[in-house]
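Participant: All chains should be modelled from the sequences, with the hints used to inform the complete structure.
Here is how the chains run, residue by residue.
Protein chains: 2
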Amino acid sequence: MKKQFFGQVGKLLPAKVPEYVELHNHPWPGVLKKIKECNLQNYSIFLHGTIVFAYFEYTGTDYQKDMELMARDLETQEWWKHTKPCFESFAFSKNEEYYADMNQIFYLS
Amino acid sequence: MKKQFFGQVGKLLPAKVPEYVELHNHPWPGVLKKIKECNLQNYSIFLHGTIVFAYFEYTGTDYQKDMELMARDLETQEWWKHTKPCFESFAFSKNEEYYADMNQIFYLS
Chain A
1 MKKQFFGQVG
11 KLLPAKVPEY
21 VELHNHPWPG
31 VLKKIKECNL
41 QNYSIFLHGT
51 IVFAYFEYTG
61 TDYQKDMELM
71 ARDLETQEWW
81 KHTKPCFESF
91 AFSKNEEYYA
101 DMNQIFYLS
Chain B
110 MKKQFFGQVG
120 KLLPAKVPEY
130 VELHNHPWPG
140 VLKKIKECNL
150 QNYSIFLHGT
160 IVFAYFEYTG
170 TDYQKDMELM
180 ARDLETQEWW
190 KHTKPCFESF
200 AFSKNEEYYA
210 DMNQIFYLS
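Protein chains in written order, with the numbering used here: chain A, 1 to 109; chain B, 110 to 218.
Honestly, I wouldn't trust all of these hints.
[What the hints assert, rightly or not] Below 27 Å or equal to it, Euclidean Cα-Cα: the simulated DSSO-like pairs (lysine-lysine) are:
1) B:Lys-174 x B:Lys-125
2) A:Lys-3 x B:Lys-111
3) B:Lys-193 x B:Lys-203
4) A:Lys-11 x A:Lys-94
5) A:Lys-84 x A:Lys-2
6) B:Lys-145 x A:Lys-16
7) A:Lys-94 x B:Lys-125
8) A:Lys-33 x B:Lys-112
9) A:Lys-3 x B:Lys-190
10) B:Lys-111 x A:Lys-36
11) B:Lys-203 x A:Lys-2
12) A:Lys-11 x B:Lys-193
13) A:Lys-2 x B:Lys-145
14) A:Lys-33 x B:Lys-111
15) B:Lys-120 x A:Lys-11
16) B:Lys-190 x B:Lys-203
17) B:Lys-112 x A:Lys-2
18) B:Lys-174 x A:Lys-3
19) A:Lys-94 x A:Lys-33
20) B:Lys-112 x B:Lys-145
21) A:Lys-16 x B:Lys-203
22) B:Lys-190 x A:Lys-11
23) B:Lys-203 x B:Lys-120
24) B:Lys-174 x B:Lys-112
25) B:Lys-120 x A:Lys-94
26) A:Lys-94 x A:Lys-65
27) B:Lys-120 x A:Lys-84
28) A:Lys-36 x B:Lys-112
29) B:Lys-125 x A:Lys-11
30) B:Lys-111 x B:Lys-193
Hint data in this document are derived by calculation from the structure and do not stem from the laboratory.
Facilitator: Listed below in structure tokens is the structure:
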């Protein structure tokens, strides 16, 4: 399976930016473990003002299934109870409440 | 030298989105060559609406110097004459006319 590249954009609530940064300065080990189990790698989050951008690579064979596995993980669910309220909901799309998937339009290895 | 991770955000003019995508569907070989010479790798650009996000990794020893080398390349200058007018200038920062540098707040290998 070829590696797949993902970019996601989100908008934080101004008052919640410090909390979101602090959470990601001390990510929970169980959450990181689950990310790896779900075949995500080289995962970065970038911040500019209230805009957050997530970049990661997927090396598995069924992204949808792996994302469902992640969503069923209890520690990840607890983590999301902290991180998701930091977002301005539906900032970029009516369908995407937090991070919105982007389209890759260029790649150079 | 450790690998450095870069994220940059920009905003396109709505009418210019198709042109920006088309340019990146057919990037100029000389521009790609110069990017590699300047020690950038694993370079992706993502689009969502008018928001663009660029991700790349820097493997050299002097980022500022390499960026100056890139800026002096004639073909790259010509390429930028096509790409830069696609942006809404100063959309995210008074100091950054096109892509604005972001801060990496999380990394998981």
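Participant: Checking one constraint from the list: CA of Lys-120 (chain B) to CA of Lys-11 (chain A), max 27 Å. Satisfied?
Facilitator: Holds. Lys-120 (chain B) to Lys-11 (chain A) sits at ~14 Å (cutoff 27 Å).
Participant: Is it true that the CA of Lys-120 (chain B) sits at most 27 Å from the CA of Lys-84 (chain A)?
Facilitator: OK: Lys-120 (chain B) and Lys-84 (chain A) at ~24 Å, within 27 Å.
Participant: Given the hint that Lys-33 (chain A) pairs with Lys-112 (chain B), does the C-alpha gap stay at or below 27 Å?
Facilitator: With a Cα-Cα distance of about 23 Å, the restraint between Lys-33 (chain A) and Lys-112 (chain B) holds, given a limit of 27 Å.
Participant: Checking one constraint from the list: CA of Lys-94 (chain A) to CA of Lys-33 (chain A), max 27 Å. Satisfied?
Facilitator: violated, 31 Å
Participant: Given the hint that Lys-2 (chain A) pairs with Lys-145 (chain B), test it: the Cα-Cα distance must not exceed 27 Å.
Facilitator: Holds. Lys-2 (chain A) to Lys-145 (chain B) sits at ~22 Å (cutoff 27 Å).
Participant: Is the straight-line distance between the alpha-carbon of Lys-203 (chain B) and that of Lys-120 (chain B) 27 Å or less?
Facilitator: Distance ~13 Å between Lys-203 (chain B) and Lys-120 (chain B) Cα, so the pair holds.
Participant: Does the alpha-carbon distance linking Lys-125 (chain B) and Lys-11 (chain A) stay inside the 27 Å limit?
Facilitator: holds, 23 Å
Participant: Can you confirm whether the C-alpha distance between Lys-193 (chain B) and Lys-203 (chain B) stays at or below 27 Å?
Facilitator: Status holds; Cα separation ~16 Å.
Participant: So if I understand the rule, the pair passes when the alpha-carbon distance is 27 Å or less; does Lys-94 (chain A) with Lys-65 (chain A) pass?
Facilitator: holds, 23 Å
Participant: Given the hinted pair Lys-33 (chain A) and Lys-111 (chain B), is their alpha-carbon gap at most 27 Å?
Facilitator: holds, 24 Å
Participant: Would the hint linking Lys-174 (chain B) and Lys-3 (chain A) be met if the CA-CA limit is 27 Å?
Facilitator: Roughly 31 Å separates the two Cα atoms, so the pair is violated.
Participant: What's the verdict on Lys-111 (chain B) and Lys-193 (chain B), does the C-alpha distance respect the 27 Å limit or exceed it?
Facilitator: With Cα atoms ~30 Å apart, Lys-111 (chain B) and Lys-193 (chain B) exceed 27 Å; violated.
Hints 1, 5, 6, 9, 11, 18, 19, 22 and 30, counting from the list given before, are not met by this structure.
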